[in-house]
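2 protein chains.
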Amino acid sequence: MSTPTTPAAPGSTALDPAIAARLKRTDDGLLPAVAQQYDTGEVLMLGWMDDEALHRTLTTGRCTYWSRSRREYWVKGDTSGHVQKVKSVALDCDGDTLLVRVDQTGAACHTGDRTCFDADVLPLS
Amino acid sequence: MSTPTTPAAPGSTALDPAIAARLKRTDDGLLPAVAQQYDTGEVLMLGWMDDEALHRTLTTGRCTYWSRSRREYWVKGDTSGHVQKVKSVALDCDGDTLLVRVDQTGAACHTGDRTCFDADVLPLS
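Those protein sequence lines, which keep their order, are chains V and W. Position one of the first sequence corresponds to residue 1 (the working numbering), numbered consecutively onward. Position one of the second sequence corresponds to residue 1001 (the working numbering), numbered consecutively onward.
Keep in mind that the hints were calculated from the coordinates and are not lab data. Virtual Cβ for every residue (Gly too), placed ideally from N, Cα, C. It cannot be assumed that every hint is accurate.
To spell it out: a stretch of chain W is covered by chain V in this simulated footprint if at least three of its residues, at any positions, have a beta carbon under 8 Å from a beta carbon of chain V; those stretches are [as the list claims (entries may be wrong)]:
#1 1003–1013
#2 1076–1084
#3 1102–1114
The calculated label-pair distances, taken between Cβ atoms and stated as ranges, are [unchecked claim]:
#4 W:Thr1003 x V:Lys85: 40 to 48 Å
#5 W:Thr1003 x V:Thr59: 43 to 51 Å
#6 W:Lys1085 x V:Asp120: 29 to 37 Å
#7 W:Ser1080 x V:Gly95: 18 to 26 Å
#8 V:Pro4 x W:Asp1103: 41 to 49 Å
#9 V:Arg114 x W:Arg1114: 42 to 50 Å
#10 W:Thr1079 x V:Thr105: 40 to 48 Å
#11 V:Ser88 x W:Thr1003: 17 to 25 Å
#12 V:Val121 x W:Thr1040: 16 to 24 Å
#13 W:Val1121 x V:Asp120: 30 to 38 Å
#14 W:Arg1114 x V:Thr3: 39 to 47 Å
#15 W:Thr1003 x V:Arg62: 28 to 36 Å
#16 V:Arg62 x W:Thr1040: 22 to 30 Å
#17 V:Thr59 x W:Asp1039: 29 to 37 Å
Could you put the whole structure together from the sequences, leaning on the hints where they help?
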């Protein structure tokens, strides 16, 4: 299979057409996907999904994102071992954001932090 | 003051330049901002912030977003009364996503649901 360099065009994947019809994508064909630890409620990270990444996330049990920087699909944990087992996926009221509840193994952040939001808390004034 | 129709250009606002320098914005000048109920951990909604909305969020105690559809700043709750009091704001490891912990009054969703992710849970297979 050739490696895609752009997100899949809407309607070109095996994603349920009834779901695909409800998605409101960015100009790049993506939706932001918030990953949350299902039991503690920790917000772990935000990734991006096209229709194909969403389809794989719904059907493989493993969170799959579209990497905007590497321009390829990315199964969370394939390199690091820090996998995300999918517990549930919800689409928001506007159809433009996903909430994926997962069971995160180890650190969600590539820095080794548990979440991507641990290191840089901004000052309130 | 005239009403802006586009997000503020980076560097044009009163946002702390040390923070502004760490932001990686979309082509539209925005960052996704995940709003989370600070005590229960509920993911309430996802909005968008430009530098000015982030500055207002950090300094007014009330969550302020940039509305992509209405093309204006939007203080959550100004119309509905469903305000978000800001408890903390964190920037993620890549500088491209915000996590805002808030105390949400009433429903976060315009549909009346507590969160924007309550109504459309997608089937796993």
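Cross-check of the supplied hints:
1. 1003–1013: violated (count 0)
2. 1076–1084: violated (count 0)
3. 1102–1114: Satisfied; 4 residues make the cut.
4. W:Thr1003 x V:Lys85: 40 to 48 Å: holds, 46 Å
5. W:Thr1003 x V:Thr59: 43 to 51 Å: holds, 45 Å
6. W:Lys1085 x V:Asp120: 29 to 37 Å: The hint (29 to 37 Å, Cβ to Cβ) is violated, given that W:Lys1085 and V:Asp120 are roughly 21 Å apart.
7. W:Ser1080 x V:Gly95: 18 to 26 Å: holds, 20 Å
8. V:Pro4 x W:Asp1103: 41 to 49 Å: Between V:Pro4 and W:Asp1103, where Cβ atoms are some 42 Å apart, the hint holds.
9. V:Arg114 x W:Arg1114: 42 to 50 Å: Once the Cβ atoms are compared, 26 Å apart, the range 42 to 50 Å for W:Arg1114 and V:Arg114 is violated.
10. W:Thr1079 x V:Thr105: 40 to 48 Å: Holds: the Cβ-Cβ distance is about 42 Å, inside 40 to 48 Å.
11. V:Ser88 x W:Thr1003: 17 to 25 Å: Given a distance of about 40 Å, which is not inside 17 to 25 Å, the answer is violated.
12. V:Val121 x W:Thr1040: 16 to 24 Å: holds, 20 Å
13. W:Val1121 x V:Asp120: 30 to 38 Å: holds, 32 Å
14. W:Arg1114 x V:Thr3: 39 to 47 Å: holds, 41 Å
15. W:Thr1003 x V:Arg62: 28 to 36 Å: violated, 45 Å
16. V:Arg62 x W:Thr1040: 22 to 30 Å: holds, 27 Å
17. V:Thr59 x W:Asp1039: 29 to 37 Å: holds, 35 Å
Hints 1, 2, 6, 9, 11 and 15 from the list above are not met by this structure, while the remaining hints are.
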